[in-house]
Structures are given as C-alpha cells and as structure tokens.
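Visitor: Each chain, letter by letter, is given below.
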Amino acid sequence: MAEAPLLSVKDLVVEFPTRRGLVLRAVDGVSFELRQGEVLGLVGESGAGKSITGAAVIGLLEPPGRIAGGEVRLKGERIDQLDRGAMRRVRGGRIGMVFQDPLTSLNPLYTVGQQLVETIQTHLPLSPAQARQRAVDLLVEVGIPAAERRIDSYPHEFSGGMRQRVIIALALAAEPELVIADEPTTALDVSVQAQVIAVLKRLCREKNMAIILITHDMGVIAELAHRVAVMYAGRIVEIGPVRDVVKAPRHPYTRGLMGSIPDPAAEADRLTQIPGAMPRLNAIPSGCAFNPRCASVLDRCRRERPSARVVGSSEVACWLDDEQLRRSDLQAVVAR
Amino acid sequence: MIAFLIRRIAQAVLVMLVVGFVAFSMFRFVGDPVSIMVGQEATAADRAAMAERLGIDRPFPVQFARFVGNALNGDFGISYRVGRPVMDLIQERLPATLELALCAAMFALVFGIGAGVYTALHRDGALSHAAMTLSLIGVSLPTFLIGIGLIFLFSVELNWLPSFGRGQVVDVGGWKSGFLTQSGLRSLVLPTITLGLFQMTLIMRLVRSEMLEVLRTDYIKFARARGLHDRAIHYGHALKNTLIPVITLMGIRLGSLVAFAIITETVFQWPGVGFLFVASVQAVDVPMMASYLVLVAAFFVVVNLVVDLAYYRVDPRLRTDHATARS
Amino acid sequence: MTETSAAPAPVRTRPSLRERIAAAWDSDIAYSFRHSPVTIVAAVIVLLLLFGAIFGPWIAPQNPFDPGSLNLMEGKTAPLTPNMFTGKTFLLGTDDQGRDVFSTILYGSRVSLFVGFAAVAFSMVLGVTLGLIAGYRGGWLDSVIMRTADIQLTFESLLVALMIFGFTRTLIPPGSQNELAVPVLILAIGLAEWPQYARTVRGVTMVERNKEYVQAARVIGLHPAIIMMRHVLPNVLGPVLVIATLGLALAIIAEATLSFLGVGVPPTQPSLGTLIRVGQEYIVSGEWWILLFPAVTLLALALAVNLLGDWLRDVLNPKLR
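Chains as they are written, first to last, in the working numbering: chain P, 1 to 336; chain Y, 1001 to 1327; chain E, 2001 to 2321.
Hints in this document: simulated from the structure, not taken from any laboratory.
Model, not experiment: these values are computed from the prediction.
We treat Cβ as the ideally placed atom computed from N, Cα and C, and that holds for glycine.
Treat the hints with caution; some may be incorrect.
[Said to hold, decoys possible] Simulated crosslink set (DSS-like; lysine-lysine; CA at most 27 Å straight-line):
(1) P/K201 <-> P/K247
(2) Y/K1221 <-> Y/K1240
(3) P/K207 <-> Y/K1240
(4) P/K207 <-> P/K75
(5) P/K201 <-> Y/K1240
(6) P/K75 <-> Y/K1221
(7) P/K75 <-> P/K10
(8) P/K10 <-> Y/K1240
(9) E/K2076 <-> E/K2088
[Unchecked claim] Computed list of chain Y residues with no C-beta within reach of chain P, every gap over 12 Å:
(10) M1106
(11) N1159
(12) V1214
(13) I1220
(14) P1271
(15) A1283
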C-alpha cells in the first residue's frame, strides 16, 4: 500500500442539534478507505446513516447537520474543512453524485443539454460548442440512443431508466475520481435496474473511477461492489470483501441481515428475521448499539463499545472472540 | 398549442357572454329604462319613441343580440346620472386607471418577487423576520387605511407628495398621460404604493413559500451536488421553478388591481373609472354599472388568457405535442 | 356461571366536568394555543372587541346617535383633555358633533362585527350546502355549481360584493334604502365569498363519498341528506372553520371598505368604516383622534382574526405549513 488511498474517512461523526438542545449523532465514528477504481458498498437499514455518510463526504449535509469530528481526505488532502467555494469545486468536479429518484433529480424546465452544458462549463474551461460536444459524448457513453437529437429534449420526455442515465452523465460531467451513488437503482423497474448497473460497472472499469454505492439491496452490492461496509445505528459493524461478507458474515447483525435475504439456491424454507428494530437516534444503547437485539450478547457488550478488528479478510466491530465469530453455527438471532 | 388556444378562447367567450347576459338583465329589467330615460313628464309618444330606440318592444333574444352587437361596437347606452354616452365617460377616465394599475403592478411585482426571494434565501435573517411580520400586517390592512396613512404621513405631516388628483396631465393622441410631467409622476407615488402594497405582500409570501418548497426539491440538491454556483442554483434553477405557480396568481392579482383601484381612486380622488363606478353605484346608474361590469370582465378575461399563454411558454411539460417521441 | 365469577360490572361514570376540562387542556389544540403567545394575544383582542361590541350600549358613556345626548359645544375635544366650555374630559376625544369617540367605536364595532359574522354565516351555509350537493351528486349539477364558482372566483370578491350591492339596491324602493342597507350588505358580502367554501367542501365530499362507510350507508338506504349531515359534514368542519375565520377578517374588511366608499351602511348606523370615512376629513385640520382610534380598532380586529385563522390552519392541517 504505497500510494495514498483515493478517499479516506477517519472517525467521522455527524451530529444534528435539535431544537430542544439535544444533539443526535447520525454517524458515529465511521472509518473506511477507498482505492482508485474500487466500488465500496454501504448497506444497512434505513436510518443507519448510509446516506448521511455520503452527504458528509461530498459536503451536502442538510443544516443543521454538521461534521462534528473526524476527517475526510481526498488523495491525502482534507476536504471536510474547505470553504464554500473550494468545496463547490470538489462537488461535481472531483466527486460526482447520483441520487435515488431519477424523476425528481432533474430540473423540469431545462433541457438535459442545458443542464449538462451548465455543469461542464462550471468545472471545465470549455467553449459552449466544446461543452455541447462533450455533453453529447457523455450521453452516448451512458447509452442514450440518438444522443445528438435527444440532447435538446426536456427531462419529462425521457423514461425513468433513461433519466437515470442522464443523471449519471451529469455526475460524470467533469471526469470525477469518485462517484457517490445513493440508491441509484431503488426507484427503477427491475429490468431497468440491471441496465443501469451495467452502465455503472462499465464506466467504473473504463474510467478507473471509484464508487461509493449506498443501497439496502444486497443484490446490487453483489453485482457491482468490490467491498462492502455494513452500517448499524450510525456505525460500521463489519467491512470486508463482498464475497466474504455475503457468504461468511461474521458480525451477528450482518448474519441476521444476510439471513433476511431470500436465496433461491438455499434449502431453508423461511427467512430469518432480526427481532426488534434499530434504535432511534435519541435512544442508542450504551456499549454496542446492537446489544439489545443480539442473541450472543455478552455483559461487556452493554458497557463498552467494540472497535473494529481484523478477522480474516474483514474488519468486525464485536466483542465475541475470533473463534466464535468464525463459527458458522453462531446463533445470529434470538431464538423465536 | 392551437387546440389549447382555441379551448381557452372559447372559455373566454363563454365568460364574456355570461357576464354580458347579467349586465343586460340588469339594464333591461331593473327599474323602467323608458321612464328613466325620458323623464316623468314625457308624453306617450315620447315613451313609444324611446322604447323603440332602446328596442324594448322587440323579443328578448333579439334585444340581447342587439345589446351584444352594440357592446362590440362600443355602445353601452347613456348614463342615467350624467346623461352622456357611457363609453365616452369611460374613455375619458380609462387612462388614469390603467396608468395607476400599471405602476402598481410593476411595484408589486418587482418588490414582491425581490422580497420573496430574499426572505426565502435568508430565512433566519433579521430583515426577513421583519419583512414577514410586516407582510402579515399588510395582509390585514384594508387598502383605504394604507392610503389614509400614507396621506397623513407624506402629505399632511411631511408635505412631500400630493394627496389627491393626478397632477398635470399631457394629452397624447387622446390619451391623457400623467407620466410626462413632474407633478403627474409625483401624484402617482402614493396611489401606486397604496394599490400595490397589498398585492406585493401576497406575491412576496407566495414567492417565499414556493421558493422554500423548490429549494427542498431533489433537483436543487442535485444541482448542488453538481457543484453549480449558488447564484446559478438560486436564480437559474430555483427562481424559474418558483415563478410558475406565481404567474397564475399574478394574473388573478392583476385583475384585483382593477377592483382595488376603486378604493384607491376614492381615497386619492383619482379621476379614474373606479371613482366613476362608485359614483354610479351611489346614484343607481344602471347603464354605467352594467358597462363597468362588462369592461372589468373583459380585462380579467384578457389577463387570464395572457397568463395561460405565459404559463405555456415557461413550462415545457405543457408543450409535449411538440416533443419527440417518448423513449 | 357461578355467582362468584360474576364480578360486578365496572360502572362507567361519565367524565366529570373537571376531567373533561383537564382533557381539553391537554389536547393538541390547547397545547399549541398555550405555546403561542401571539395567538393568545390575538384571542384576547378578539374577545375584548366582542365584549365591547355586545355590551357596548351598557359600557358606552353616551349613546352617540341619540341627538339629545350630544352637545355641540363639546365638539372636537382632544383625548383626555378637558373641554374648554364644559370641562368634561373624554377618553378618546370627541368628533365635530360632540360624539364621544370611544362610544362611537363601541357602537361602530357592533355594526362591523354583526355584518361580519352574519355575512360569514350566510356564505358558509350557502357554500357548504352547494359544495355538498356538487360533490355528492356530481353530474350536471356539479358542473353548473362549480363553473359558477370558477367564474365568480376570477373576480375579486370585493368587486362582486360591490356589484351585488349596487344591483340589489336598484330593486329596492328609495324609501327603504336605509332600513335594508345592512341586510343587503350581508347578502352582498356573503354571496361574494361562498365559492371558497363550496370548493373545499366539494373536494372533501368527493373523497368521502367513495369511502366504504358512506357506500354502506347508501346501501342500507339512508337519505342522502342524512348521510351528508352525519358522515360527510364532520369531515369538512376543520377546513370550513379555517376558511370561516379567515373569511371573518375578509368580511369585516369588506364591510369597512364598502362603508368607507359610502355605499355600505347608512350614516345613521355607522360602522368602523364609516367612522374612518368621516375621520379622514379631519386629518388635515389636526383632529387626528377622530380617525386614528377607529382605524386602530379596525386594524387590530382584522389582524387578530387573521392571526387566529392562520393559527387554526396550522393546527388543523400541519401539512399546509
């Protein structure tokens, strides 16, 4: 590991002060690294802090949310403390973003060409004609047929899948090194999902671009990601290569999460289910946040918060010893 | 586009016919037009002549058709109160009202949109809070009180601006304009503010709430994620989307200006159509009231038509018939 | 069943008055009310003005419209200043006729509030009824009612009121113009405001009509009028209450405006608008109190009612905020 990672997030803490003086921690001590061209999946239930982590990296936290601790480095340079102007240049320039809903992410009153050219010219010193040519090229790249003609169409004249391609084109407008894709396929039909995933996969390979893929869909992760980080209540509980995390999950929560995914090949006739629900941000238990729902809970889990340690090829934040974490028959959930 | 236009125009014509019918019924069935026109001491021959002149001896549909025909030719009969053709009276006074309404509309638009955008972008600023509080008072403040207050402050106490009339006007091809003299312009200031202030507060509040709504949308978040300049996001993306619902309101508001001009003209003794109308309501001058109704309806209908077309221009989603095939 | 297992049935007592007050105090609406000082102030202002209007004849130092109680010598007395001839002082001064301004305001707000409430009640009954019919029956009746509402909404309601006022007056013989002025005013303002209610009620009715409980009521053959009263009406009460409150402010302003224009109430029954119209003539000569106090009263009334309406809208429909 000679060169610095493309993105390094260390001990990131995001807080939302509430009106009553309470401070909610939506992201609590999250660390991960991303190499060039690598796709990192960020999974977890809704409210686990995945999207907020993504928004914190690109500097788009909704006020009053703020980064209260830790650091974010892009190629070794800190970007979490940049001023507005500098951060604006990073956004869209070096880090692109793709949102969940293609139907609402484009301004309905401008043609896709106008929106593309505007983005390109904001970040690259191109003439209007050059910017337009680049916009056409981008549309071709993301697989819009007849791009030369469709560039002057308005968003409402495209289907959902095509709009998501346009959005990807917009995220790529200035050749970013990293794209944060927040649930990029959730709002799409299943058949269209596959096409959009294929586009992302190809672009990632061709442009050696890194992607943070935020989703709760393990199928998308398995298809696209190299590594995956599992989040629970604002913390990463397990992070490792996709194959290992999916096939041999270590953390009790990950085991429960994987058990809740239907697997056509498996014999099991019922899905497992984790009892209880993820705690609300104002009621996160002390120690390990998962302890009230964990079947293998220890006394220590209720007192001390586990930090991540290497187990095999993954890192796991759990107090159980390596022996127990490796056992395949570890009871993932409380017996029903 | 053409189907849309035809449908709108058909609607407009329908509204005008309904209003015309109401106006005609007023004119025809309220009181006895013949006695009013010829006076109490007229002979039977006079009465018959007048009845024939007014066409009252004809069947009802014929009378209505004639009324519509006359109205289209600008003939609305003779004022009971003044004894002169209604159209002449209106023509004399229309420039005063239109100039006032135009100034008030510009005032309301410029300051309403400006303040609305400002308060939306600086939600927690002291100036925004002040503007919002003032606007709440503005909505509750009757127009005539605004006028009286302004007269008291700027005419009586400070003696800066005239409190009544149009000042000196210049006749430009039959159009008496107050725009060309200093006293005319000075006379316009207070009535413009009086007439425009209420509309301004409404526009400001609407622009603010629409803009806040738009700033929360995904496409604005996405525009930020694309690294666009704040100015491009606020004034290019957010404002344009904000203005779409505002345009509709603007049409209705512009119509209201004519109605509220009645009050403003009364407060400032502004020699416009509204002032004339109040006098005719007081004197039960039916032809005058009926014509004013038709005139205002025509104004409203035209404004609404223009608004629809503007809407169509701004929002590409309404223009789908132009669009290339959906993919 | 044996005797022993039959425990005495719990006696359900009706909640005592104290309990009911406690429950009301804890409700969301009361909570939001207690935590909004502006709303409390607005409510106090409205209650004070209502009290003054209702009990005006007993509170007022004089009956300003009984010529016998007036003394021309006391005309144009400044507030809290002894009159130079009689030495009497007046809280808010007197007008040119020697009328006590405080008394004229009490009598005037009586007229203003009466016209306001009556016009709102009239337009509410009319609008709710037409809205229910349009929404429940649908078809051509719905089209006719809603088209009419649309056309009328195109015009400013004040203009509509002025038109109706002028039109109705032409039908009244000159001798009874003054007596009938107030009812005509109520009719004109009420007729100008009904489309607001009709639109809202129609929308809610159309939603409710297709719900299962209304379908069930229809199946068992309940009369449409009963279905509407029992099942649909309760659902529209919230929005109607909001429109009515904001409508009250509009009606009060409309009445004041018409009276200010000299086409509203007759001079023998002056409302706040009439008082302002009269007071306006004295601003140049320096008798500011004749204008100021009625104007402030009108403004306070309209503002307070508007604030209450805004608050009600926020409480009853948080989504609209």
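Visitor: Decide, hint by hint, whether the structure agrees.
Guide: Now for the hints, and whether the structure bears them out:
As the CA atoms of P/K201 and P/K247 are separated by approximately 22 Å, the hinted pair is consistent with the 27 Å bound. Between Y/K1221 and Y/K1240 the alpha-carbon distance is near 16 Å, which keeps this suggested pair within the 27 Å criterion. Straight-line distance between C-alpha atoms of P/K207 and Y/K1240 comes to about 35 Å, which puts the hinted pair past the 27 Å bound. Taking the CA atoms of P/K207 and P/K75, the gap is about 17 Å. The hint holds against a cut of 27 Å.
Distance restraint check for P/K201 and Y/K1240: the Cα-Cα separation of roughly 36 Å exceeds the 27 Å cut-off, and the hinted pair is therefore not satisfied. A threshold of 27 Å between alpha carbons decides the hint, and for P/K75 with Y/K1221 the separation of about 25 Å falls inside it, so the pair holds. Between P/K75 and P/K10, the direct Cα distance comes to roughly 13 Å. Compliance with the 27 Å bound is thereby established for this hinted pair. Annotation: proposed proximity of P/K10 to Y/K1240 is violated, straight-line Cα distance about 40 Å (limit 27 Å).
As the CA atoms of E/K2076 and E/K2088 are separated by approximately 12 Å, the hinted pair is consistent with the 27 Å bound. With a cut of 12 Å on Cβ distances, Y/M1106 stays outside the contact zone with chain P, its closest approach being about 24 Å. No beta-carbon of chain P is positioned within 12 Å of the beta-carbon of Y/N1159; the least distance is around 49 Å. A Cβ of chain P approaches the Cβ of Y/V1214 within 12 Å, the least distance being about 10 Å, so the stated non-interface status is violated.
The Cβ of Y/I1220 does not lie farther than 12 Å from every Cβ of chain P; its closest approach is about 8 Å, which violates its non-interface assignment. Distance check for Y/P1271 against chain P: the nearest CB is about 43 Å away, which clears 12 Å, and the non-interface claim stands. No beta-carbon of chain P comes within 12 Å of the beta-carbon of Y/A1283; the shortest separation is about 51 Å.
Going down the numbered hints, you'll see the structure goes against 3, 5, 8, 12, 13, while the others check out.
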